[in-house]
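Using the sequences and the hints, build the whole thing.
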Amino acid sequence: MADEKKLTSQSEDYSAWYNEVVLRAELADYAPVRGCMVVRPYGTTLWENVQQALDRRFKETGHVNALFPLLIPMSFLQREADHVEGFSPELAVVTHGGGKELEEPLVVRPTSETVIGYMYSKWIRSYRDLPLLINQWGNVVRWEMRTRLFLRTAEFYWQEGHTAHATYEEAQEETLRMLGVYADFAINDAAIPVIEGRKSESERFAGAVASYSIEAMMGNKWALQAGTSHMLGQNFAKAFDIQYLDENNELQYCWTTSWGLSTRMVGAIIMAHGDDQGLRLPPKLAPYQLVVVPIWRNEDQKRAVLEVTARIAAHLRSSYRIKVDDREEVTPGFKFNEWELRGVPLRLEIGPRDVENESVVMARRDIPGRAGKSVAPMAGLSAAVGDMLDTIQADMLDSATVFRDANIREPEDYEALKDTVDHGWARAYWCGNPECETRIKEDTRATNRNIPLDQEGAGPGLCIVCGEPAEEWSYWARAY
RNA sequence: CGGGGCGUGGCGCAGUCCGGUUAGCGCGCAUCGUUUGGGACGAUGAAGUCGGAGGUUCAAAUCCUCUCGCCCCGACCA
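Sequential numbering of the first sequence, starting at 766, is according to my numbering.
If you're looking for bench data, these hints aren't it; they were derived computationally from the structure.
One or more of the hints may lead you astray.
Quick list of in silico lysine-lysine cross-link-like pairs, DSS-like style, CA-CA up to 25 Å [said to hold, decoys possible]:
| id | residue 1 | residue 2 |
| --- | --- | --- |
| 1 | Lys771 | Lys986 |
| 2 | Lys1138 | Lys1100 |
| 3 | Lys1100 | Lys1067 |
| 4 | Lys1088 | Lys1100 |
| 5 | Lys1049 | Lys824 |
| 6 | Lys1206 | Lys1183 |
| 7 | Lys1049 | Lys770 |
| 8 | Lys1088 | Lys1049 |
| 9 | Lys1138 | Lys1049 |
| 10 | Lys770 | Lys1088 |
| 11 | Lys1067 | Lys986 |
| 12 | Lys1088 | Lys1067 |
Since this is a predicted model, take the numbers as computed values, not measurements.
Set out below in structure tokens:
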């Protein structure tokens, strides 16, 4: 930071920008343990808003919440071959308890498929018990090599849904339903356009038959997997004996799914919307939807302004998440910058002129500077604020969508693809051969993000790498 | 685990090469006053076992040995 007041600009150093925003907006801080973070109150409120928006959708689709234990017997992980292999390098293991070495080590859950599978095998007896639709809000630990606040931390907070079904079709339907729920949330609440798709074999969750993701484009044009949904087939059902008696009194293995969305979504919100001034939070999720900054020059004005401010705030508080910043030790200009850094979508400025004219100045965070300012009459202010917040929400989605679409190209050939993924995402035909996928990764550091569910317009084509026939196109990009 | 960087008041750093007053600077913080429509200013003040341990020396933030931790860049991952 050359200028201590300003953030490092995104163009100068995107990851420095990211770290500074997270710290200075007081979303999170580094914990004493490497790779762990403290989610500060402002970040927690944002996460709680994410939770509420998702939880409502989970309930609407028939799910209920439960809480499963943090510690899992090591042997559980080993029951599903791919699952152990996938997770063993990143497990935190508890070897001692009560001052004694444990007979069997316990792992701190990296995810809960195994314990939940164990419990499901106890709970499920009959087809009448199905489908079983449970979600858990909690934390997990994965010993990551390289960590970044929110994006990849050793411990993170998330929800993991785990469902069991009688048939393949129902489980597959559930997998895609929840992917759709994530997409709906991302688009309509987080104002982040996302692409729903299937993960390639190499990117598939350890133990899954198929994994699906929503992929979002960040401000530096890298991709971020913002949510995943897995079709687990009967892999875990067989490993944990999750069986039921069907209508014909025959024993069948269940079909299970799991799906998760983590505090990484906070990182997505930061990077999808942030600018050189700091955060830009979508109104639906922002801890404060609007901040009111009173302005005065002398005692008389102060009294009048604060009185009007209090009245307006009391009125707005019933409908909006509002913060009145009446600190006297900092100037209005300082407050403007601080709340812009912290991403509050809308600011109301109330000064002597406004008191006189019975108006307020509204400043939109998504449109910096003078262009984002307008004057609104105090009469009918609540409705005007509501309209403005709706407009900001919609405009943020629009501009994120325009940005994303402007940075997705369809390269003609392999040489063009190499260039494309340097500046954005590529949508290209791929034959599905892992060797072609690996080659792209080695040549460009870009990975297969997903094979979009929406294949409209895709006909038979030729693989961008090997030229063999390809049925589907997929997205390729540098990713977090 | 490989490469790089860094540990000095709350934060950011200088000082370390070449040992030598009372360890400085900016920001922040506290008090008072003047300010307040885009990051105010002045005065006064509080705050540091120089990451830790051992060693060399009359003398160590500074030199030597060991150690711990953090950050950044790679390979792995949501």
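Hint by hint, here is what the structure shows:
Restraint check for lysine 771 and lysine 986: the C-alpha separation of about 23 Å stays at or below 25 Å, so the hint holds. Of the supplied pair hints, the one linking lysine 1138 and lysine 1100 holds, its CA atoms being roughly 16 Å apart against a limit of 25 Å. Distance check on the hinted pair: lysine 1100 and lysine 1067 sit about 17 Å apart at the alpha-carbon level, within 25 Å; holds. For a cut-off of 25 Å, the pair hint linking lysine 1088 to lysine 1100 stands: about 12 Å separates their Cα positions.
Distance check on the hinted pair: lysine 1049 and lysine 824 sit about 19 Å apart at the alpha-carbon level, within 25 Å; holds. Of the supplied pair hints, the one linking lysine 1206 and lysine 1183 holds, its CA atoms being roughly 10 Å apart against a limit of 25 Å. Between the alpha carbons of lysine 1049 and lysine 770 the distance comes to roughly 28 Å, so the proposed pair goes past 25 Å and is violated. Of the supplied pair hints, the one linking lysine 1088 and lysine 1049 holds, its CA atoms being roughly 15 Å apart against a limit of 25 Å.
Taking the CA atoms of lysine 1138 and lysine 1049, the gap is near 21 Å; set against the 25 Å cutoff, the hint holds. Of the supplied pair hints, the one linking lysine 770 and lysine 1088 holds, its CA atoms being roughly 23 Å apart against a limit of 25 Å. Of the pairs offered as hints, the one joining lysine 1067 and lysine 986 is violated, with about 46 Å between alpha carbons and a cut-off of 25 Å exceeded. Distance hint between lysine 1088 and lysine 1067 is fulfilled; the C-alpha atoms sit about 18 Å from each other, no more than 25 Å.
Violated hints, listed in ascending order, are 7 and 11; each of the other numbered hints is respected by the structure.
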